[in-house]
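Sequences and hints are given; from them, build the entire structure.
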Amino acid sequence: MPDESQHQFDHARRAGFGPSDDIRRQRAQGALVREEVAPAPGAAPEPIWMALSYEAVRQVMGDHVRFSNQRRFRAQAIRGGSKHRPQEMSGHLMDYDQPEHTRLRKMLTPEFTVRRIQRLKPVTEAIAERCLDAMERKGRPADLVELYASPISGAVLCELLGVPRDDRREFLVKHQWQLEQDRSRKERAAAQAYTSNYLRALVKRQRKDPDEGFIGQLIRDHGDNFDDEELIGICGLMVLAGLDNVNGMISLGVLALLEHPDQLAVLLADPENTVDRVVDELLRFLSVAHAPTPRTAVEDVVVAGQLIKAGEEVVCSIPMANRDPVLAPDVDRFDVNREPLPHIAFGHGIHHCIGAALGRMELRTAYLALWRRFPDLRLAVPADQVPHKTNSIAYGLERLPVAW
Amino acid sequence: MVEVRVDAEICAASGMCTLLVPAVFDQSEEDGTVVLADPAPPAELAAKVRTAALRCPAGAISVHEREADGPGT
Chain A
1 MPDESQHQFD HARRAGFGPS DDIRRQRAQG ALVREEVAPA PGAAPEPIWM
51 ALSYEAVRQV MGDHVRFSNQ RRFRAQAIRG GSKHRPQEMS GHLMDYDQPE
101 HTRLRKMLTP EFTVRRIQRL KPVTEAIAER CLDAMERKGR PADLVELYAS
151 PISGAVLCEL LGVPRDDRRE FLVKHQWQLE QDRSRKERAA AQAYTSNYLR
201 ALVKRQRKDP DEGFIGQLIR DHGDNFDDEE LIGICGLMVL AGLDNVNGMI
251 SLGVLALLEH PDQLAVLLAD PENTVDRVVD ELLRFLSVAH APTPRTAVED
301 VVVAGQLIKA GEEVVCSIPM ANRDPVLAPD VDRFDVNREP LPHIAFGHGI
351 HHCIGAALGR MELRTAYLAL WRRFPDLRLA VPADQVPHKT NSIAYGLERL
401 PVAW
Chain B
1 MVEVRVDAEI CAASGMCTLL VPAVFDQSEE DGTVVLADPA PPAELAAKVR
51 TAALRCPAGA ISVHEREADG PGT
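Chains as they are written, first to last, in the numbering used here: chain A, 1 to 404; chain B, 1 to 73.
Hints were generated in silico from the structure; no laboratory data involved.
Quick caveat: nothing in here was measured; it's all calculated off a predicted structure.
Just so you know, not all the hints are guaranteed correct.
Okay, derived cross-link-like pairs now, DSS-like style, lysine-lysine, Cα gap no bigger than 30 Å in a straight line [said to hold, decoys possible]:
#1 Lys48(B) - Lys106(A)
#2 Lys121(A) - Lys204(A)
#3 Lys208(A) - Lys186(A)
#4 Lys204(A) - Lys106(A)
#5 Lys174(A) - Lys121(A)
#6 Lys309(A) - Lys48(B)
Derived CB-CB ranges, DEER-like [said to hold, decoys possible]:
#7 Pro42(B) - Glu136(A): 42 to 50 Å
#8 Thr390(A) - Pro42(B): 29 to 37 Å
#9 Arg200(A) - Glu44(B): 47 to 55 Å
#10 Glu44(B) - Pro387(A): 22 to 30 Å
Chain A is nowhere near these chain B residues, computed Cβ spacing over 12 Å in every case [stated by the list, open to error]:
#11 Val2
#12 Glu3
#13 Gly15
#14 Thr33
#15 Leu36
#16 Pro39
#17 Leu54
#18 Arg55
#19 Ser62
#20 Val63
#21 Glu65
Positions of the beta carbon are idealized from the N, C-alpha and C atoms, including for glycine.
This is how it looks when you write it as structure tokens:
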């Protein structure tokens with residue numbers, strides 16, 4: 001599970017498609033600013049650094065030698081000495097430093113190469129078509145989050161992990177419950193237990209009889225190098241990374257295109273040849289991942305002229321970095337015609353998203369299939385009545401009512 | 001003319017370069033790290049290759065200018 005504290009951070013707040021006005025005001029004060037942040041819900045606020053410029057964020061994320069991802073460093077940083085030392089989540093790449101990170105990542109990357117991901121393309125296309133059939137059957141208006149963004153991200157993840165069809169609905173519902181802040185602690189704990197037990201059983205089954213899927217392949221290629229806890233952790237990380245981010249990108253991306261008809265027209269005029277550029281600009285413009293795992297300086301480091309002392313923590317704002325005016329003077333404009341701007345929507349450095357190629361393929365497929373079926377797709381409510389997610393791991397929409 | 005060099009040791013296997021310029025960069029089947037398919041790409045790919053170097057999250061790609069009539073052309 002990610003730090004719940006992440007939900008408390010101001011950087012997770014947004015205004016429309018972009019970063020919140022608060023964080024923009026902070027950026028005006030400098031590339032790195034001190035902020036008081038509660039490390040957990042209800043806990044007393046602690047000082048933390050926020051990296052807000054493209055260069056500062058790249059510097060922090062690109063320096064895995066002087067900045068650590070490990071929880072024990074973060075705990076020390078926050079509580080000075082700390083009553084307990086939280087363990088790294090087994091198998092969670094984002095919690096690891098070198099050389100452990102490299103050991104795990106090297107075994108996982110063959111499953112996520114651009115070429116390997118192409119194998120999932122026909123499956124993803126079939127999933128998108130099934131969702132569109134369901135939307136047609138249901139009739140308009142339809143909620144694009146419920147009937148398209150969420151089921152596509154869920155089904156592709158389940159295909160990747162090898163979760164059987166009959167189990168998918170419950171598996172995905174329970175995952176969602178874990179993250180819903182308005183559920184009771186007991187309910188969330190029960191959902192978490194369900195998910196981890198499910199993944200444990202899945203790993204055990206694959207150990208016995210590995211199939212052609214991602215876990216089966218890992219076990220065939222490297223079975224002896226992973227223990228079960230690591231495999232379960234890897235699955236858990238795939239679940240966290242593969243659902244809300246993709247869901248958010250599909251639904252917000254559709255809304256952004258509907259709200260920018262001139263940009264949508266570029267896509268519709270030549271879908272196959274423009275979709276990659278559209279996906280790339282949407283990744284930058286929307287930056288649905290608020291921030292990577294916080295980094296802790298393991299020694300004194302100067303970033304953007306600011307001294308960060310050993311033990312201090314830095315949170316990197318992805319949305320703010322991707323809207324840095326150094327990238328382009330009109331960086332806040334959604335523009336698929338411009339020469340693609342560099343961005344770090346998938347992160348930077350050795351922790352760059354391992355599923356980037358998969359994510360791009362899913363988005364490409366989802367946007368193309370949707371407008372092929374419904375070329376005159378439109379919002380079914382005024383844009384200001386579309387509810388945005390304000391408290392989740394990734395930015396997204398609660399609902400997106402559409403008609404055609 | 002440009003000459004491209006890659007450092008597979010520091011490569012983070014993000015696949016960004018393969019996505020951007022598949023004619024020049026490939027990924028190893030074994031560990032997903034960068035494989036240079038064409039160290040001396042044609043001039044029309046030079047801009048894309050520079051973009052790939054800029055976007056590489058690990059800084060594993062470097063692009064060097066060289067004489068048009070140098071060896072290998």
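How the hints compare with the structure:
Straight-line distance between C-alpha atoms of Lys48(B) and Lys106(A) comes to about 27 Å, which keeps the hinted pair within the 30 Å bound. Taken as a hint, the Lys121(A) and Lys204(A) pair is honoured in the structure, with Cα atoms around 28 Å apart against an allowance of 30 Å. Straight-line distance between C-alpha atoms of Lys208(A) and Lys186(A) comes to about 33 Å, which puts the hinted pair past the 30 Å bound. Distance restraint check for Lys204(A) and Lys106(A): the Cα-Cα separation of roughly 23 Å lies within the 30 Å cut-off, and the hinted pair is therefore satisfied.
Among the hinted pairs, Lys174(A) with Lys121(A) is consistent with the structure: their alpha-carbon atoms are about 27 Å apart, no more than 30 Å. Among the hinted pairs, Lys309(A) with Lys48(B) is inconsistent with the structure: their alpha-carbon atoms are about 39 Å apart, more than 30 Å. At about 47 Å, the CB distance of Pro42(B) to Glu136(A) agrees with the hint of 42 to 50 Å. At about 49 Å, the beta-carbon gap between Thr390(A) and Pro42(B) misses the expected band of 29 to 37 Å.
The hint said 47 to 55 Å for the Cβ distance between Arg200(A) and Glu44(B), and at roughly 53 Å that hint holds. For Glu44(B) paired with Pro387(A), a C-beta distance near 47 Å fails the hint of 22 to 30 Å. With 12 Å as the threshold on Cβ separation, the claim that Val2(B) sits away from chain A holds: the shortest Cβ distance comes to roughly 18 Å. Taking the minimum C-beta to C-beta distance to chain A, about 22 Å, the non-interface status of Glu3(B) holds against the 12 Å cut.
The non-interface label for Gly15(B) is inconsistent with chain A: the shortest C-beta to C-beta separation is roughly 5 Å, within 12 Å. In this structure Thr33(B) is not separated from chain A by more than 12 Å, as the shortest Cβ-Cβ distance comes to only about 7 Å. For Leu36(B), the requirement that its beta carbon stay farther than 12 Å from each beta carbon of chain A is met, with the minimum near 15 Å. No Cβ of chain A comes within 12 Å of the Cβ of Pro39(B); the nearest lies about 20 Å off, and the non-interface call holds.
Against chain A, the non-interface label of Leu54(B) is violated: not every CB pair exceeds 12 Å, the least being about 6 Å. Residue placement check: Arg55(B) does not keep its beta carbon more than 12 Å from all beta carbons of chain A (closest about 6 Å). With 12 Å as the threshold on Cβ separation, the claim that Ser62(B) sits away from chain A holds: the shortest Cβ distance comes to roughly 15 Å. With a minimum CB-CB distance of about 15 Å to chain A, Val63(B) clears the 12 Å threshold, and the non-interface call stands.
With a least CB separation of 21 Å from chain A, Glu65(B) remains clear of the 12 Å interface cut-off, as annotated.
Hints 3, 6, 8, 10, 13, 14, 17, 18, counting from the list given before, are not met by this structure.
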